[in-house]
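> Protein chains in written order, with the numbering used here: chain A, 1 to 353; chain B, 1 to 533; chain C, 1 to 271.
To be clear, the hints were calculated from the coordinates, so they are not data collected in a lab. Among the hints, erroneous ones may be present.
To spell it out: a stretch of chain C is covered by chain B in this simulated footprint if at least three of its residues, at any positions, have a beta carbon under 8 Å from a beta carbon of chain B; those stretches are [as the list claims (entries may be wrong)]: (1) 64-76; (2) 240-246; (3) 250-260.
Taking lysine to any residue pairs in the SDA-like style, the calculated list, with each CA pair at most 20 Å apart, reads [unchecked claim]: (4) A:K237 x B:A204; (5) B:K36 x A:A122; (6) B:K31 x B:F16; (7) A:K192 x B:T324; (8) B:K85 x C:S240; (9) A:K120 x A:P39; (10) B:K406 x C:S87; (11) A:K237 x B:L76; (12) B:K363 x B:G198; (13) A:K252 x C:E229; (14) A:K198 x A:M75.
On a predicted model such as this, the values are computed, not experimentally measured, just so you know. Positions of the beta carbon are idealized from the N, C-alpha and C atoms, including for glycine.
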Amino acid sequence: MAKNENGKADIVPAESVVTGTGVVAPDAFTDPGLPPHRPRVTDLDPKAAKRAERVVYTLFYLSIAASVFAVYAYMFFPIEPENVHSVRMNTLYLGLGIAFSLLAIGIAAVHWGKALMADKEAIDHRHPVRGTDETRARAVEIFRESDEESGFSRRTLIRNGLIGALIAFPLPAIALFRGLAPMDVDPNNELKHTMWKKGLRLTRDPQGTPIKASELTIGSAFQVIPEGLVDLPEHEKLDAKAKAAVLLVRLKKEDLHWSSKERESWSYEGIVAYSKICTHVGCPVALYEQQTHHLLCPCHQSQFDISNECAVIFGPAARPLPQLPITVDSEGYLVAMSDFTEPVGPSFWERAN
Amino acid sequence: MSTVSAPAQSGVVGKFSNYLDERTSISGAVKEFGRKVFPDHWSFLLGEVALYSFVIILLSGSFLTFFFQASMTPVLYEGSYVPLKGIEMSAAMSSTLDISFDIRGGLLMRQVHHWAALLFVASIGLHMLRVFFTGAFRKPRELNWSIGFVLFVLAMAEGFTGYSLPDDLLSGNGLRIIDGMVLGLPVIGTWITFLLFGGEFPGADIVGRLYSLHILLLPAFVLIFIVLHLMFVIIHKHTQYPGPGKTEENVVGFPILPVYAAKAGGFFFLVFGVVALMAATVTINPIWNYGPYDPSPVSAGTQPDWYIGFADGALRLIPPHLETYWFGYTWSWNIIIPVLILLVFLAAAFAYPFVEAWVTGDKREHHLLDRPRNAPVRTAIGAAGVTFYAVLWAAASSDLIATHFKVTMEGVINTLQILLIVGPIIAFIVTKRIALALQKKDREILLHGFETGRIVRLPGGEFTEVHQQLDAYDRWQLVSYNDNAPIMLRPNPQGKITGGMRMRASLSRFFFEDRIAPVTQEEYKQALEHAHH
Amino acid sequence: MIFMRKNMSATQASRRNGRRGPLASVALILIGLVATGGAYAAFSSASATAAVDLSSPAVINQGQKLFAANCSTCHGQQAQGTENGPSLIGVGSAAVDFQVGTGRMPMQMSGPQALSKPVQFTDEQTQALAAYVASLAPGPAIPSQSQLENGDVAAGGELFRINCAMCHNVAGAGGALTEGKFAPQLTHVSAVHVYEAMLTGPQNMPVFNDLNLTPEEKKDIISYLSYIESNPSAGGLELSNLGPVSEGLFLWVFGLGAIVALTVWITAKSN
């Protein structure tokens, strides 16, 4: 075994190539050269060659048949309206026809190449990737000549002007991208407010019907949107819903633990409403376990404890889900006392100010 | 003189060839490339799989563009799929449903497109692993590794933008996660998402914008980089595995015409055939189950396509409560840390060839590949990287692992958190030991022959197994590999030892300390003599 | 399977085996090649309801005896509840039919959640138990057959995605909950049990009372579930409807597996 201590001594530098840490032993084995060529069955046995030939052309003809079958399938397995099964059959038979026609061509061509075409190994010679010294010298010369002829390094004012201009000219293009978002809207402001406001009723998603406190039994979970969301113009609806979606649940009052009297006043008879938008990266947190009172986000497994003001108990989220302060109006419907008191959803840079 | 009356001008083919050559000088290309030799090994075809899947993606994708409407304008779905009739959705979703349920072969093409996309990224990954573990990235191919790496990233971007186009519930939640991730980035996050989505999430622009990227900008870049990548393959000629008759100065294999034209050409049809077979029989991305995007619902088991899994996994493995308020701003460490981890991981993969080149200081061209065992530390680093990636990947399906193996999701996540740190270290140590052990075994076989299983009784009554020496070809297979020794620290011409030199020396020790050198003729002779005594 | 299902009776259809192996699936497709078309048995509930009169004293009496013998250890002699099991007063016949009818009760052992297992009682005994518990205090009742059929599939789908999919997955394939609990798969669950589960909120499932989801809406949801169960995916094998993870695994194992096998064949020397 070669030892480290004599490792350095082994190095035999090639004439002009630096081998670095590479070690070439002076009495290394030498290459015995290519092993003798081994003929194939199809080279020795004309019958086998004939057989291979038959396989190849048969496959090509089968491919034609499969292509024709695919066209046939297109026509005779049509899609019937409202019939999922017809779509399945159309996809299946058309696909199988195409797949078999392709596979048959592939197998035939490869088999042809392997079994019938000459299989004598060929050898190409490599040349170093770098250009020859002569070529490189000429390249250097060309650059020098053109530098002289243009005065690129001599006329420094021109050169620096060119470089400056080339740096400056894309700037307008960057500015143009500001137009990707509306000009008169500040994202910070948008992210900090939702549709909720004092007196707005809590309504069912997607129907938009208001909810009475008495309709919630212990253990119920309602998916909630603000009143009026369904009547918003189309393009505003999803944007508003992406911030205002709320989960409404009812627990036994003694199961809810509050940090302050004020927080407790945000609930009504054990009914609490929390933002559904995860404080991690914004997936809807809607998996409610009515006995453990845990909320789980299906995207990244953050867990929140409803009985404890939605504190994070597991997973990547950093902050509790914001609570929507609620009460009931004179008709017994649940209404918001205000907007959320903090921005909902994922954290962002300017969130705190 | 004889240029005008070149041979083989008779007949239609001859006349046509002449016509073409007189206008394109194509005969030069045929002469140059027609008999170019390509070495034969299964692992050399993995890059071709990637290329072919890209062609399949282009073909099926073009078909889809004829029907798809990249618009978030709300419409009422009136197509054939009963459970979504009358439901409000974007034109993008509605047209994707029409492709699936109202256009013959439309669903097939969607599935061809999506399966081929998964295959595209997977085959690039496998190809990169082959290149890494065989050391094919060494001089002169470092830049081609970089180009290939860019292609890998572009392929993931293509995949993600495509995944988001149908505007279904799954892809919408995927975009929601991207939105949340970008929001968490310091300083620029808020404005980047605002510009990306054209206002607030989800807005009405993102599908159209991703569509431009998906069908125009990204494919153009992919195409440019593929051309560059292949150009370098031609300039460098393909690498080959070491073996008798194969040297740094030659390429042994089969010529493009006719053998490789048949094999590689046939292989295109085989890859396309396999994709078509999958598309015909196995559902992929059933958007009709997910329904249109709506910010309120979500499905259990919401995951990205496999190649984004490692990023999703990184998001899942962060422990709770990592966020601070500093200087009046919010620092979302639960976003920043995973993003940094991913960037560092990708940067390490990108930079590896340059690091190894610096450590070895080797300026020779390497066209003969390493067997993974003959570069134990590189192989071990690769195994550690694969393990790290695999743990992140597994983390992206933590919930499914929990339900399918009947364990708790908390247990799965906590285990993976530990494995993310410990796993690569274990993988490194184990792989390095295995590689060294295999090298020792090779050496043993070379010096003492292989066991024949024949037991002979010696005149003295002693039993012994006959060992047989290898023939010259098999012996060459075992001794012809690159050997590296650690650098000795020596002062430079100014008589100084710089920090860079120290670092390089310690890295080179890390790489080559436990080296096992190839057997020399002298050692072999001694072993033979020893055996005869 | 495709043509076999023509002959299946309605009751058999709902007991159809869940997951098939991938090879079996390939075989299925080959069979599908031969059998063009194929009618699908209409979905229908396996345990059609109330052939027994739940208000008859004899039935209640029988239920009480069964209860005392099988349930009272945990739920108490008067169903008032003990440390080991909740009170059943006021849970109604629907809860009993669900818990006992799916084999969740009697519970084998305490664990993160009661698992469904082979049913321990005959339909008649289950009905009797339900009658007894219902007689203790009014509570949600077992729905009638007419409450389970012919709902609006599209409306049901939307409600399902909003109220159910986050735990049970959009295709009803089930999903993970915290601490080893899980939301079960909904395919192969009879309509009446789905209805009862919504109504009573068994274990950690929230309650969807009739004021949250009206009986009409519950019917829509059930109709949606039966639609997706009786109309297998248009695209072919469903890979258990687990989404991108199962698709990715399929691609790596079968897709790339097949292609790597082909590369080996292409470059192997022909003999």
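> Each hint: holds or not?
Now the hints, each set against the structure:
| no. | hint | result |
| --- | --- | --- |
| 1 | 64-76 | violated (count 0) |
| 2 | 240-246 | holds (count 5) |
| 3 | 250-260 | holds (count 9) |
| 4 | A:K237 x B:A204 | holds, 11 Å |
| 5 | B:K36 x A:A122 | holds, 9 Å |
| 6 | B:K31 x B:F16 | holds, 18 Å |
| 7 | A:K192 x B:T324 | holds, 18 Å |
| 8 | B:K85 x C:S240 | violated, 25 Å |
| 9 | A:K120 x A:P39 | holds, 9 Å |
| 10 | B:K406 x C:S87 | violated, 29 Å |
| 11 | A:K237 x B:L76 | holds, 15 Å |
| 12 | B:K363 x B:G198 | violated, 50 Å |
| 13 | A:K252 x C:E229 | violated, 37 Å |
| 14 | A:K198 x A:M75 | violated, 61 Å |
Consistency note: the structure conflicts with the earlier hints numbered 1, 8, 10, 12, 13, 14.
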